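Asks: What follows is the residue order along each chain.
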Amino acid sequence: MMLSVEGLHVYIEASHILRDVSLAVGEREVVCLVGRNGAGKTTTLRTIMGYLAPHAGRIRFLDREIGGMRPFAIAQLGMGFAPEDGAIFADLTVAENVEIATWTRRTGRPAGDRLAQAYAVFPVLRRYGARRGTQISGGERKMLSIARALALDPTMLLLDEPFEGLSPAIIPEIGRGIFEITKLGHAILIAESNIHHVPEYTTRLYVIERGEIIFSGHPSEVQRDPAVLRVIGGTP
Amino acid sequence: MTANLINILLGGVFHAAILFLVAAGLQVVFGVQRIFNLACGSFYALGAYVGASAVNAFTGAGGPPALFIVPLALAGLLVGVVGVVVERGLLAFVYDRDETFQLLLTFALVLMLEDIVRLTWGTAPYSTSALYLAYGQVNLLGATVPVYNLIVIGASLAIALGIGWLLTRTVFGRIIRAAADNREMAEALGVDMRRVYAKVFTLGTALGTLGGALVIPATAAMSEMGIELIVEAFAVVVIGGLGSMRGAFVGALVVGVFRAVAIAVYPELEMLMIYLVVIAVLVLRPRGLFGRVAV
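Taken in order, these protein sequences are the chains called A and B.
Counting with my numbering, you get residues 241 to 476 for the letters of the first sequence.
Counting with my numbering, you get residues 341 to 635 for the letters of the second sequence.
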């Protein structure tokens, strides 16, 4: 397994946010973590990324224990992260927002290759090169955030709600971009609140509710579980 | 009349050149670390004393007076390593604490550094032997201006351009601007913020200590010079806008020139004049001339 989380417990202040969360992402897998707002999806991703320290449990990435490591060190190991709000650097141009990932993490691959790959996934970004990072639409910011994470030349990507708050017109474009990334061989973990946004190429699905994993399996199996469907709002 | 005016203005610009260095240090630290470093004035005082000592040691050892600016500038820059010690040894422990706590800590530094200066150099004013006019004077439209002042103004301008180049053209500059904007995201891209903070704080400190060193041939170092400068640097930042480099530049010019004019016309109004400008800016444009957020 590329990433394996076992028995994770996380507290924020005094609240027990994650309870015994376990999940795994294999090579070239696209895994979706589905749950309602506040269920613990973002906390799971932020804990994997090192922003939050696990109270108990193990997080292994590329055969290394990363629980308790600082975010920058986890990024240097090859974990790319695109947060829900995009976190675009407002002071930099669109082009600089992508390029910065090639400055902050040096890998064996030339920067030119990495940039070309990031733009190949979302070609529309090329048009906005000189604009400030905040002068593009919400959907384009999501693309920019994912492209930036990809330019880091990561082995795995964490995408927090890549389809959230977007117009139905732009959702397929982001879905296509993520599909392009899967063809490059990256493992991807996507947090998603809407079961209908789960891409059809998802290999494994986890459902989280009140900080606990209540379902894990192939996306087609979730359709047969009415109790889980009631939680995530799908129609059987 | 013209000669007199030029003298006053150039005196103000000389002061502004020094003030800009200290204010730039304050701005870069605030911009990236969100810490309002009151100790910038103390670094300025420390730079002044160490610079004066270095020059006196240099001339005492038979160094040619015409080269005094070399040990002066080197000492001013090198004492900037105090910044690493302060950042790693003290500030690193309070980044997660409340801002008032951070402000108190930098104020404690002001008091400690002032006492360290008194213990080391005594309470009497300390200066370099007469070197201020070592580079002679020039006649500008009837006014007699020390060449040293012009050198400092030129150096400060060059540093301002250098900072602009660093922030907008270099990889390090763009990374620190990104980190200033969103620290968490910078970390997620593999940026070790501990190292960034250490570098930025050292840069900010070195700008302050260099400013202190450069002012010393024109005046004498006194232990309370740091506190006086903090007040002026604060005015610069309010006028120019918190966190903005352009703001530091324009703010320093405004404060430097207004102060020089006030001193020439009616010396008792020196500080009042600056505060009137500060109040005007706060009323008309609370975020300062180039700032993004209200102070």
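FYI, nobody ran anything at the bench for these hints, they're computed from the structure.
Just so you know, these numbers come straight off a predicted model, no measurement behind them.
Just so you know, even glycine gets a beta-carbon here, dropped at the ideal spot from N, CA and C.
Some clues are possibly wrong.
Claimed, not checked - To give an idea of the interface, some chain B residues facing chain A are shown, with a C-beta separation under 8 Å as derived from the structure:
# : residue
1 : L414
2 : V511
3 : R517
4 : E524
5 : G530
6 : E608
7 : L609
8 : M611
9 : M613
Asks: Against each hint, give a clear statement of whether it holds in the structure.
Replies: Hints versus structure:
1. L414: Violated, about 31 Å.
2. V511: holds, 5 Å
3. R517: holds, 5 Å
4. E524: holds, 7 Å
5. G530: Where the cut-off is 8 Å and the nearest Cβ of chain A is about 4 Å from G530(B), the hint holds.
6. E608: Violated. Min distance 43 Å.
7. L609: violated, 39 Å
8. M611: At about 35 Å, which exceeds the 8 Å cut-off, the nearest Cβ of chain A leaves the hint on M611(B) violated.
9. M613: It is violated, given that the least Cβ distance between M613(B) and chain A is near 34 Å, above 8 Å.
In terms of the numbered hints stated before, the structure departs from hints 1, 6, 7, 8, 9, listed from lowest to highest.
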